[in-house]
Every structure is written in structure tokens, then in C-alpha cells.
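*Asks:* Each chain, written out:
There are 2 protein chains.
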Amino acid sequence: MPFVLAASVDHSSVILSLFIMLAAAKIMAEVFERLRQPAVVGEILAGIVIGPSLLGWVAPSELITILAEIGVIFLLFTVGLETKPQAIFQVGKRAVMVGVLGVILPFAAGYLIAIWWEGSFVEAMFIGAALVATSVGITARVLGSMGLLDTQTARIILGAAVIDDILGLIILSLVSSISQQGTISPAGLAKTAGAAILFTVFVGLVGSRVLTRLAPTIQKLRVSKPFFNIGLILCLGLSVASIYVGVAAIIGAFLAGMALAEATEDNHKMHQLTSGVTEFLVPFFLVNIGMQLDLAVFRDLGVVALAVILTVVAVITKFVGCGLGAWGMNRREMGQIGIGMVPRGEVGIVVAQIGLGLGVISGNFFAAVLFMAVATTLIAPPFIKILFAEDKDNDGIPDNIIEQDVSEEFTRIG
Amino acid sequence: MPFVLAASVDHSSVILSLFIMLAAAKIMAEVFERLRQPAVVGEILAGIVIGPSLLGWVAPSELITILAEIGVIFLLFTVGLETKPQAIFQVGKRAVMVGVLGVILPFAAGYLIAIWWEGSFVEAMFIGAALVATSVGITARVLGSMGLLDTQTARIILGAAVIDDILGLIILSLVSSISQQGTISPAGLAKTAGAAILFTVFVGLVGSRVLTRLAPTIQKLRVSKPFFNIGLILCLGLSVASIYVGVAAIIGAFLAGMALAEATEDNHKMHQLTSGVTEFLVPFFLVNIGMQLDLAVFRDLGVVALAVILTVVAVITKFVGCGLGAWGMNRREMGQIGIGMVPRGEVGIVVAQIGLGLGVISGNFFAAVLFMAVATTLIAPPFIKILFAEDKDNDGIPDNIIEQDVSEEFTRIG
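Those protein sequences? They're chains Z and V, same order as listed. With the numbering used here as the guide, the letters of the first sequence map in order to residues 1 to 414. With the numbering used here as the guide, the letters of the second sequence map in order to residues 1 to 414.
This is chain Z alone, in the form it adopts within the complex (with noise of 0.2 Å):
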């Protein structure tokens, strides 16, 4: 075009790479259904294909990065929509025990890799705490999509979940604030955890009650949509809050979603609506984790041993201590709350990229934690699938629904 406008170069490309990134995500997620395998699986590998790596179509960038953060927020807030704040209270013993154990193993181990491969102490830790959390994101949309989350497994899975992300963020901060200061001080640190603990049960105590209580006088209100602007203001503001007090953007929208879940019940406008802008928004979240990995470096055959030692133990490590977590449940269950904590995702990318960021830990480090990341993410999701398909069959829902009903549609978070 000879009269290609100035300004809007730069937004014509913006709007070129989503529409890229939207089309690659949903046309490997029809194939991946139509493998029986989880779509959320097709869309990672959608960027992985469309990335820098392979066609180089779509590079990751500061705005993708925030779409895609702005979309696994959203993610969580659907999935705090299904979770009723009574549902997790019950299996709160259960899943702190999953939680803290399934945080020692995988750090210890990732901590005790780092140093055999001649990592220095602060590098060990940063590789520890990436293999801390679990990226429930993941899980919670294999399940969501199965028709699973009201099970008492995903239940545990998520509020283990929630937990982890708690300590290892915790040990992320502990860490960055090491490798910055060479020191660590003892008050700040009890200051760090105390104040994310109290912010997530307060808000989880609270919140439910109150917008239960305020539940009459939004329904008055002369906004259009009421309980679902309430609810997207409680997202953003809730996120902002985590962030400030510590603790990761997504647990704070889990937590907003959770605060509507009682007096959106049976909303069905207000899940249609989330699902609306979660349907949009997750794809970029999705594709971004494939994005980041740089194949290249698998050159190096050092770093693809790395890369998959770091992987297998970070499945294992996860699986046993979250698995032992459940002792007391039957084997099914237990293996069901292991594979559904392996997924890392984007919390093992961020703490990598702070690393990196912190000039701490090399890029070999970087990539083989990248690797796991995402190889965690990728392996889990079938076996989920797997381990799951007895309760799905069991709950009389065909395995392959082509025409749903409003009513399950609900329960389909992407």
C-alpha cells in the first residue's frame, strides 16, 4: 500500500500477531480435540510453532506478555467462579499437606541438581523455586474442560494449589532479596509470609460473606450487567492487592472469584459473560508459554541432559510428595492430586525470568528450567486426562460432547 498510515503501523502489526496467536490457538485446539487430547495442550504447541523457535510468525513481547497475564487472571478468576470458598474449607487439612509437601521435595531437589552442576548457592535456590509451583491454570482448564472441577480431588488440587503458590512465592522473594542484598533478614521475611498468609484467608474467609450480604443491593444497581462489572472490578483490584502484599496477581483473582462464587450461583448470565472474555483472553496466556521456548539451545547436548533430568525430577518429585500428601485417600486419588500438581507453567517462566533478570542464573540454567516448564506442562495434561476419565464416566457424561447444554457449559473454563 503506498499510503500505509504512520501511526497505525505499529497497531496493525499488535493486531496481526493476535490474530495469529487466536487462530494458531484455536485451530490446534480443534485438532488436539479431535485426537482426544486436551486442547490446552494444542495451543501451547501453537506457540511453540508460530514462535521465534520454528515459523517466527509471532515473537513474545511486553504487550503479549501482559495479554497473556491479563488472560491467566481471568483464567483464575473462572476458576475461583466454581470454587465454593465451603468446598476448599473442607479440604483445607487435606490440602496443606499436599501443598507443603508437594513445595519440600521438588525444591530440595531442584536446589540439590543445581549445585551437582556446579551452580552457585543463589542459582540453586532460583532453580529450587521454580520447581516450587504449580501452574494450576493448567489443571484446573484439563478438568474444567472434563466436566471435573466439583470432584473433591480437583478441589485438593486446587487449594494445594493456592498454597504452593503462596510458599513459592515466598521463596521466590526470599531468594531475589538474597541474591540482591547478600543477606536476608529474618523480620522481613516473617513480615513477607505473614502478610500473604493473612491476606488469603482473610479475603477467603471474608469476602464470600460479604458480597453474599451485598448480593441484593448489586442486583440494584442501574449499571448494566451488575454482577459481572462487581466482579470484574473484584478481579483487577483483588490481583493489584496480591501483587502489593506479596503474593501472585492470579491468587488474588482465584480469591475474587471464589468471594462471587455463593451469590453468582446460579448466575448464569455472569458465567456466560466471564467465559466470554476467558474464551478471548486464555489463548494468549496459552501460546505465550510456547513462545518462550527457544529450541536453539538444545544444541548444546549438556543442556537438553539438564533440561531433562530437571524435568523428570521435577514430575517425580511432585507427583511422590503431593501423592504422599494425600496418604490415607485411595491410590486412584493419590495418583489423581500427584499428576494434577506437575504442571509448572508460567509461575517456573517467571521465576526463571527473574532470575535471569537478577543476572543470577546463566542461560543454561534459564533454558533447561524454560524446558520444564513447559515439558511439565505439556506431559501432564493426557495422564490427567487419563487418571481422570473413570470419574467423568462415572458422572454419565459422554466422553465426546459435541452439542452441550447451558448448564455444562458452565463448567468448560476456556
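Possibly wrong hints are sitting among the right ones.
The list cannot tell twin chains apart, which means a pair is met if one copy fits it or any two copies do.
[Stated by the list, open to error] Listed below are the simulated DSBU-like cross-link pairs for lysine-lysine, each with C-alpha atoms no more than 35 Å apart in a straight line: (1) 93 <-> 220; (2) 220 <-> 84; (3) 385 <-> 220; (4) 220 <-> 269; (5) 93 <-> 385.
To be clear, the hints were calculated from the coordinates, so they are not data collected in a lab.
Add chain V to chain Z, keeping to what the hints say.
*Replies:* Just chain V now, kept in the frame of chain Z:
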């Protein structure tokens, strides 16, 4: 917090900005609804209040601009979904008359004012171009919130606004080209204009038929929410295509919606999902318009005079031009069409920004055009509401709807 995470600082400030924008927009929308004024005005005023001119809590940024653009893209997509091609073609002749007369008068007036104000030839061409394009999003939102998108006058306004945008962007392309090359090739101009018109007519004519035929296939896709996902891809895809053809992205989005309008006519889920996205993203578009207005430049009374004259002329020329274009209809309908075409909104701002970016218009002209764009957008909605109020009452819809039923909800855009 002692342990703020380095890499998450920027993201937290972005999410904070989004939270402030969304909360301010929705609060002001609620206030304006209670005052029986259009919510859209409240949302733009929210931008002025929280923007750099007053509180300075949020400043326009590249990211917010792009979110705003995605917002207006989805707004026009929703408007398209409500617009059956048949309906536009029925009013086609009249829409062309309204659109063309609504372009000639404002362009000539803007050009003459700028020359009289000692602007250069190129400067005057830019000011003329900035007065041309109608911001149909604003009118559509007001009419949508009144449930009047399906009236004949609304269709004429939408059709004429599409024509206006095309003509406005052709003029802009022409002016940009003159200012950059110092000259203009008639062949290049003809190519731009021809491509833009052909694209719009082709997609408008063929899109709907193709999609109505493909509907049964889309229904059979395994991916969740197939129509909505096809809609998302089509919306972004045609937005990109529009930009490459040389028209605004919003025209592509509008055409995408229109192409799907017949195939998804009774698809309530599709409409709910889409309105979830617009409900979330459109406030960023509206607040961003408000934030662009720098109140400080109006300490210079000369700029105030220029801005006021430009605004008055912009309103009168559009009202008279478009009203005359509707010659043959009754006086009230002519008035409705005239006032419906008044808002310039983002398109005028885009024109001014391009001029400033190319270094061909002065800061004073820029400020005056911004003022005109925001002022026409603020002035029009109450008058639109008044002039259309009778239609609403004739429809038997009460003035003050608190509990909307589902079908009425679909006609609400924002």
C-alpha cells in the same frame, strides 16, 4: 514491601492502571445512569478525571492505547452482530447520501477555519480530515443501551458512518501522502480508494452468505463455543485485512460481525460471550479518549476560541450535512440522523495524532482537534437520547429498566 519482585513491578503498575480505569468508568457509568444521562459520557469523563489533566492517576500509554483499540474493535464487532446486511442494503442509498453530505460540509469548513487561522495548506487539510469521520461507536453504544439499534434511522446512521469512515480514511491517506511526498499521484489515490471501497462492498455482500452456508459445519466443530471462536478469529482477521487494504480496523470488525449476524441471529450464547468481552474492554476505549484531553493548553484563550469554533462548526456542519442527506424523511428523523453522526471520538483523535506525528500540524491545532473530538462525543449523547426518546416510548419499553430480561440484554452493547 521489602521483597518486591523486580520483574513484576511493571506488570503490577499496568494491572493497577487497568483497575483504576475500569473502576472509575463503571462508577461514573452508574452515576450517569442514575442521573438519566448516557453511561458513555460518564465513562469518558472518568478518563478526564483520572487522567493527566486532573488526578494524574493513569496516563495514556502504548499498552492502554492498544487495549482501547481492541475494545473499540469488539464494540464494532458487537454492533455488526446486531446489523443484518439486508437491513443496511435497504437503507443503502440514503446512507450514501447522508455519508457523503456529512463528509463534504465538515471537511470544507475545517479546511477554511484552519486557513483563516493562518494554518498551512497541509495543516488545513488535516483539520478538515479530522472533522470528517464519525465515531459510530459512541452513537451505537447510546442507541444500543436504549434498545434502538434495530430502527431504520439507526441503520442509516450505521451505514452512513461506515461510508464516512471510508471517505475519511481515504482523505487522511491522501493528506498523509501529500505531506510526506509533497505531491500526490492520482493513480495511487485511485488505487487506495478503490481497494477500500471494493473490500467493504465485497465482504459486506459475500461474507454473510458464506457464513450462513458454513453455519452447520461450524456447529460441528469440537472446539468449545465454536461460533464465538470463529467470530473472534474473523473479527481480528478482518480488522487486520482492513488495515492492509487501507481502511480502519473497526470497519473490518464491523463487517465480521455483520457477516455473522444472520448465522447467529438466535444464538443467545454467542451474544452473551461477545458482550462479556465488550463489557470488559470498551471502558478502556472510552476512558482513554478522556485521558487524551490535556486541560492545561486551554489557559491560552486563543486555543479556547479555536477549539470552541471548531466544535461548533463540527456539530453544525455534520448535523446539517447529514440531516440534509436524509431529505425526504420527516423532520424528527432528519434530526435524529444529524445528531447521531455528530460524535467524532477516536477517529478525529487518530487523525490529529498522525498529523502531529508527521510534524505537519501545530500543538494548538492538535489541542483544538482533541477538544473538538471529545466535546462532540460529550455533547451528542444527551441529545441523541432526547431525540430518540419518543421511539423508545413507542416501543413500550419503560424509561427506567432495572431488571432486564435476557432478550433485551442482547441489545445492550457496552
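*Asks:* Please list, smallest to largest, the hint numbers that this structure does not respect.
*Replies:* 1
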